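What follows is the residue order along each chain.
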Amino acid sequence: MGAASAFFLRQHGRSVVLLERDVIGQYASGVNFGNVRRQGRFLGQLELANHSFALWKRLPQLIDDDLEFITSGHMRVCYREDEIAELEAYAATPEARELDLRIYSGRELHTRFPFLGPEVKGGSYAPHDGHANPRLAAPAFARAARRAGAIVEERCEVTSVEKVGGQFRVTTSNGREYRAEQVLITAGAWGEKLSAQFGEPVPLITKGPQMSVTEPVPYVLKTVIGVYTKMPEEELYFRQIPRGNIIIGGCSHTKPDMLNRRAHFDPRSLLKQLQQMRRLVPDMTNLNIIRTWSGIESYLPDSLPIMGPSGKVEGLYYAFGFSGHGFQLGPGVGDVMAELMSTGGTNTSIAPFGIGRFADYTEQQRRAS
Amino acid sequence: MATARLKDLHKEACRVVIVGAGPAGTRCAEALVAAGIRPILLDENRRDGGQIYRRQPEGFSRDYATLYGSEADKARALHQTFDRLRGQIDYRPDTLVWGLTPGQLCCVSQGSHSTVEYDALILCTGATDRIMPIEGWQLAGIYSLGGAQIALKAQAVSIGRRVVFLGSGPLLYLVASQYLKAGAKIAAVLDTSPLRRRIAALPNLLARPGVLFAGIKLLAQLQRAKVPVHFGVEPQRILGDASSGVCGVHVRTAAGDDLQVECDALALGYHLRPETQLADLAGCRMRFHQVSQQWLLDTDEQGRTSVKGVYASGDSTRIRGADAAEHAGRLTAMALLQDMRQPVSSEALALHRRALAVMEQFSQGLYQAFPWPAAQAGALPDEAIVCRCEMISAGELRAAVSEKGASEVNRAKAFSRVGMGRCQGRYCSQAGAEVIAAAAGVDVELVGRQRGQAPVKPLSMLTEELKPGEEVAL
Ligand SMILES: Cc1cc2nc3c(=O)[nH]c(=O)nc-3n(C[C@H](O)[C@H](O)[C@H](O)COP(=O)(O)OP(=O)(O)OC[C@H]3O[C@@H](n4cnc5c(N)ncnc54)[C@H](O)[C@@H]3O)c2cc1C
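Residue numbers (my numbering), protein chains in the order written: chain U, 1 to 369; chain G, 1001 to 1474.
Please keep in mind that the hints were generated in silico from the structure rather than gathered at the bench. The structure displayed is predicted, hence computed values, not measured ones. Ideal Cβ positions, reconstructed from N, Cα and C, are used throughout, including at glycine. Keep in mind that a hint or two might mislead.
Ranges between beta-carbon positions, derived for each pair [unchecked claim]:
{"no.": "1", "chain 1": "U", "residue 1": "R107", "chain 2": "G", "residue 2": "G1111", "range": "32 to 38 Å"}
{"no.": "2", "chain 1": "G", "residue 1": "K1308", "chain 2": "U", "residue 2": "D64", "range": "29 to 35 Å"}
{"no.": "3", "chain 1": "G", "residue 1": "R1451", "chain 2": "U", "residue 2": "R80", "range": "38 to 44 Å"}
{"no.": "4", "chain 1": "U", "residue 1": "E153", "chain 2": "G", "residue 2": "R1341", "range": "46 to 52 Å"}
{"no.": "5", "chain 1": "U", "residue 1": "Q61", "chain 2": "G", "residue 2": "L1259", "range": "30 to 36 Å"}
{"no.": "6", "chain 1": "U", "residue 1": "Q364", "chain 2": "G", "residue 2": "K1308", "range": "48 to 54 Å"}
{"no.": "7", "chain 1": "G", "residue 1": "R1422", "chain 2": "U", "residue 2": "P232", "range": "28 to 34 Å"}
{"no.": "8", "chain 1": "U", "residue 1": "N174", "chain 2": "G", "residue 2": "K1217", "range": "26 to 32 Å"}
{"no.": "9", "chain 1": "U", "residue 1": "E108", "chain 2": "G", "residue 2": "R1422", "range": "55 to 61 Å"}
{"no.": "10", "chain 1": "G", "residue 1": "R1353", "chain 2": "U", "residue 2": "T171", "range": "46 to 52 Å"}
{"no.": "11", "chain 1": "G", "residue 1": "R1422", "chain 2": "U", "residue 2": "R179", "range": "49 to 55 Å"}
{"no.": "12", "chain 1": "U", "residue 1": "Q11", "chain 2": "G", "residue 2": "A1254", "range": "57 to 63 Å"}
{"no.": "13", "chain 1": "G", "residue 1": "P1093", "chain 2": "U", "residue 2": "E119", "range": "52 to 58 Å"}
Think about it this way: if two alpha-carbon atoms lie no more than 20 Å apart in a straight line, the pair counts; the simulated EDC-like pairs of lysine to aspartate or glutamate are [unchecked claim]:
{"no.": "14", "chain 1": "U", "residue 1": "K121", "chain 2": "U", "residue 2": "E234"}
{"no.": "15", "chain 1": "U", "residue 1": "K57", "chain 2": "U", "residue 2": "E108"}
{"no.": "16", "chain 1": "G", "residue 1": "K1404", "chain 2": "U", "residue 2": "D64"}
{"no.": "17", "chain 1": "U", "residue 1": "K272", "chain 2": "G", "residue 2": "E1464"}
Construct the complete structure from the given sequences, taking the supplied hints into account.
Written out as C-alpha cells, the structure is:
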C-alpha cells in the first residue's frame, strides 16, 4: 500500500518520503498468493476493487514494469448444493454486475472444467479476474515512485510519529527526523502500533497463511480456482503460472512471530493442503512440492481494512489491515489515498473502512489502561 | 519448547533423534547407546554408511577393497559397528526428514508421512557438492563430483566413456582415481587451483601426513596412467548442444593457452558445502566462515547450536571429512550427555578434541590449497546459466541487482528466481551469491545467504499421512 500510495501521490505532484523498516514488499505484499480477484468480496468493497482492477490493466504503462498480471479468470467452487444458491445470490447483486459472473453446475460444470473432482457441485466463474506476481509488485511501485521523484528509504524504522504545532514529526530508529504536513500509515500488520500512538487502537490480529508450490509442469490450468466454504479446513486455492509451477494456498494458518518478524510455515499444514487438493483436482496430484512459505497478514474482526482519515488528528491517514485481499486492492488504495490526501475527497466509496468503526474499542482500551 | 526440559529428563525417557547414518551419526549413536540411551536414527538412504561409506544395494557383492580402496578398513569398521548397534537403536532407513517444528520432525517414507517427536535433535546430515557454474553446464552429461562417485559406488557405472574432471579440491582427485581404477577413460583432470597454492598450504596439510601422502599418491597414479592433469586452469565453457549433450570443454591453461578437451561426460565440483537446511528450519544461527567463504552453522566445538536441544555434527557443521566426522559424532553425543547432567569421560573428551583440532588444521590447509574460485562468478558471461532448475542466466541475475536494486540474496531470488527451483538453492545459491556480490561490488558476506524453506527435498503430492497404528514396511 505504501509503495503504490507514494507513486500516486507523486502523480498529484506531492513531495513524498516513503519509509520502510525492512525492504519494500517483504511481508504480506511480497509473499502473498497473487490473486487479483474481485468476486466474493464484501459488496461494499467492490467499487474500490473495480477501480483497482482498472489500474491493474494499465500498470505496465503506468509504472513501466511487468508484474506478470494475467486476466486468466477466477473460479469459485463449492462442495454443497445449497452453496450454489449463495453464489447465485452474490452474482445477482447490482454491485457485482461488472464482474460478468456466470454460475456453473452439474454436467456443464464438469464439461467446462473437466479437471475438477466429482465432489465439486458448482462454481461461479469470473472471466476478468486473474493473478500477478507478488514478489515483483511492491518493489516495482517503489522504483516507479522513486523515478517520479519520491524519496524511498529502506531499512529505516519509524519509532514515533507526533504532531507538533501544525506539523508531524516522524522519528526513525536510525536517528533521522522527518517533518510533514500529512502522514499516511500503511504499516500493514504493524499499523495498529502507530494508530495506537494517536489514541486510535484497533483490535488487529495477525495470521500466517500457508503457501506451497509445485515443480513446473506444462501450462494448462489457466483459471485460478478457489473453494467457497464455511469450513476453514476446506478453504483451498491454487493457480498455475505460465512458467508451469502450481501455487497452492489455504487450509490453515500459523501465528506469526512478530518479534523476529517471521511467519513460519507449519509442515503439517502441507498435508492438509494435499488432502484437499486430491479432493479438488484428483488428477493433478502426481507432482512434487518444492517450496513452502508464509507471510504476515493482518485482520480486523470484520475482515475489512482501515482506510481513510484519522478520526482524531488532522492530516493523519490510514491504510492498513487489508487481510486476505490487499494485493488486488493495492493500486486502487494507493490511487484513492493519494486523491484523498491531495484533494480532500475521493469519488470512490471507502466509508465502510473508517477507523471510527472501532471507536468503542478505543474507549474500552482507554478505560482499561 | 520440548528442548528446554532436557536436563530434567531421565535418559530412558529422553527422545533423542539423530538424522543421518554416516560416520558422524553412527559414532554418535554408538556413544549414546553406551550411555544407556536408545536413539532414533533416521536416514533418507536405504542403507547406512552415509556418502563416503555408502553401502551397495542389497544383492551387489563387490568386496570392501574394490569399493572403498584405501578406506576399506574404516568402512568395514563403521559398518560392523552399525550392524552391532541395530538392535539397540530405533533405525528408520529410507526416511526423509523434510520439515520440522520445535519438538517434532516431519518425515516421509515410501510415500507415507509420519511425525517423530524429539527432546534432543542431532543433525548429522553431511554435505553435498559445492558448485561453481560454467557456461554450458546445463547440458546433458554434466554431473557433480559427488554424483559421479555415487554412480560408481552404488551402481558400478561410469557417467561416460571419456570423462573430464573439472574443479578443485581433494574430491576431484579421489573420484578421478576411482574412475581410473574402475577402468574408465579419463580425458583430463582440470584443476582451477595453481600448484603454488598447494605448496603454500603444506605446513597446514602436514598436520595429517598420512592423508597428505595418500593424496599425493592419487595424483601420482593419475600421472602414471598418463592422464593429463592441469593446474591453475580458467574454465571457459562446456562445448556441446542441447540434443546430443556435452562433447568437450574449453579452458585456459595456467600459461594462458587455449585448451580444448573432448569428452562425453564431465564431473564438476569444488569441494563440499554443509547440508544445513534442517538446522536453518530449526532456527539455528549461522555465521560466515572466512576461510571457506561460506555460511556455516554456528556451533561450539562439540556441536551445540544456538538452539537449545538441537545439535549438529560432522560435515553438516563444517567440512572436515569422514575421520573428523567420527570424532565429532562422539563429541556431540558427549555434549548431549553433559547437557543431561550425565557423566562423560574427560580423557575421551580431550582425546577427541585434540584429534579434531588436527583435522581442523588440515582442513584449513585444504581450503588454502584448493580455493573456491569466487572470481569465476564475476567472469561468467551473461548467457551462462546460474540456476539450472529454473534456467536463469547470470545476466538475468545481474539485472536483478543493477536494474531492480537487489543486493541481498533473498531479494535477488525473489526478483530473478535464482534458487527458487527444485534444488532450493542447494546447488546454485553459493555461486549465485558470488554473482550478486560481484555485480553489486561488495563482499560476498554482505549479500547474505538464502533462507531455507521446507521441504528440504521435493515432496510428492501423493504423500499421505500415516494413520495411527499403521507402520511403513521397510
Ligand atoms: C501468504 C499471503 C497470501 C495472500 N494472498 C492474497 C491474494 O491472493 N490476493 C490478495 O489480494 N491479497 C492476498 N493477501 C493479502 C495481501 O498480501 C495484503 O492484504 C497486502 O499485501 C497488504 O499490504 P500492506 O501494504 O498493507 O502490508 P505489508 O505488505 O505488510 O506492508 C507493510 C509494511 O510496513 C512496514 N512497517 C511496519 N511498521 C513500520 C515502521 N514502524 N517503520 C517502517 N516501516 C514499517 C513493514 O515492514 C511492511 O513492509 C495475502 C497475504 C498473505 C500473507
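These are the hints, each one checked on the structure:
no.: 1; hint: U:R107 / G:G1111: 32 to 38 Å; in the structure: 34 Å, holds
no.: 2; hint: G:K1308 / U:D64: 29 to 35 Å; in the structure: 50 Å, violated
no.: 3; hint: G:R1451 / U:R80: 38 to 44 Å; in the structure: 40 Å, holds
no.: 4; hint: U:E153 / G:R1341: 46 to 52 Å; in the structure: 51 Å, holds
no.: 5; hint: U:Q61 / G:L1259: 30 to 36 Å; in the structure: 51 Å, violated
no.: 6; hint: U:Q364 / G:K1308: 48 to 54 Å; in the structure: 39 Å, violated
no.: 7; hint: G:R1422 / U:P232: 28 to 34 Å; in the structure: 31 Å, holds
no.: 8; hint: U:N174 / G:K1217: 26 to 32 Å; in the structure: 58 Å, violated
no.: 9; hint: U:E108 / G:R1422: 55 to 61 Å; in the structure: 38 Å, violated
no.: 10; hint: G:R1353 / U:T171: 46 to 52 Å; in the structure: 50 Å, holds
no.: 11; hint: G:R1422 / U:R179: 49 to 55 Å; in the structure: 51 Å, holds
no.: 12; hint: U:Q11 / G:A1254: 57 to 63 Å; in the structure: 59 Å, holds
no.: 13; hint: G:P1093 / U:E119: 52 to 58 Å; in the structure: 37 Å, violated
no.: 14; hint: U:K121 / U:E234; in the structure: 14 Å, holds
no.: 15; hint: U:K57 / U:E108; in the structure: 30 Å, violated
no.: 16; hint: G:K1404 / U:D64; in the structure: 13 Å, holds
no.: 17; hint: U:K272 / G:E1464; in the structure: 9 Å, holds
Taken one by one, the earlier hints fail for this structure at numbers 2, 5, 6, 8, 9, 13 and 15, listed in ascending order.
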